[in-house]
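Participant: Sequence:
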Amino acid sequence: MGICRFCGKDAGFLRRAHKECKQAYDEGSARILDIATKAAVSRSNLADIQKTIENVASTSHIDGQSLKDLLVKAWETAVMRALDDKILSEEEENSLATFKKWFSLPTDILDKNGAHTKVVKAAIIRDVLNGKIPQRVKIDGMLPFNLQKGEVLVWLFENVPYYEPRTRTTYSGGYSGVSFRIAKGVYYRVGGFRGNPVTTTETVHIDTGFLGITNKHIYFTGRVKSFRIRYDKIVSFTPHSDGIGIQRDALSAKPQIFVTGDGWFTYNLVTNLARLMAT
901 MGICRFCGKD AGFLRRAHKE CKQAYDEGSA RILDIATKAA VSRSNLADIQ KTIENVASTS
961 HIDGQSLKDL LVKAWETAVM RALDDKILSE EEENSLATFK KWFSLPTDIL DKNGAHTKVV
1021 KAAIIRDVLN GKIPQRVKID GMLPFNLQKG EVLVWLFENV PYYEPRTRTT YSGGYSGVSF
1081 RIAKGVYYRV GGFRGNPVTT TETVHIDTGF LGITNKHIYF TGRVKSFRIR YDKIVSFTPH
1141 SDGIGIQRDA LSAKPQIFVT GDGWFTYNLV TNLARLMAT
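Residue numbering for the sequence shown is 901 to 1179, as defined by my numbering.
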């Protein structure tokens, strides 16, 4: 005899749920998700929202943990909708923060799929576009960089692969001249090798490490390489889907590529910080 996982009563032989209980659960979950998603990015009365949600949950066989999971999903969905235009307004940010606090949603749970980090990144871009130096990053422990006086860390990427192009030259061709047999299986060739140089360029992994973005520099430190670059020493920025490429203002400088995993954020952050520094 099976027990219904929703109402806890007899569900019949080899059954885990009543059809009507499952339907009530699904419909209630959808309604809660809709109500909470809208409330997370609007100026709603959260006390009233909470009462409505709890009433729906109680009549839909939705337990406390399932309700908490629905609220987390609603917050994530609200973040996605707010960032449809790639811009997070202060009103949207404040509403999301208020919803998070009201329902006691832990940051680590909200960031399980990266939603909380997306909110922070969007707010940072907004600050920079408004001419402000963001101070939203808190680092536990020592920074791997020696920041200068008055320098502010805006973002820190970890485990960033760093690449540079390398040029290799090989020669293709053959010998000219004649060959003399000296012994069985041994030949002596008279003449020179005439080969044509073949030059190829490939992108080579140099190191992996921390990439720090401040209001003045781009920092990188790994096991092999460590350096910092002032924004006014960078000639160009190249956006990539998963990172950014830069070209320093030096005759011998090679393009440098950093794979951060978020090309849109990286490119917009460094280009706008460079613009701020130039003003």
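Hints may be right or wrong, so weigh each one.
[Said to hold, decoys possible] Listed next, the in silico DSS-like pairs over lysine-lysine satisfying Cα-Cα at most 30 Å (straight line):
no.	residue 1	residue 2
1	K951	K1000
2	K986	K968
3	K1049	K1012
Keep in mind that the hints were calculated from the coordinates and are not lab data.
Participant: Next, verify each hint and record whether it holds.
Facilitator: The hints, checked one at a time:
{"no.": "1", "hint": "K951 with K1000", "result": "holds, 16 Å"}
{"no.": "2", "hint": "K986 with K968", "result": "holds, 27 Å"}
{"no.": "3", "hint": "K1049 with K1012", "result": "violated, 35 Å"}
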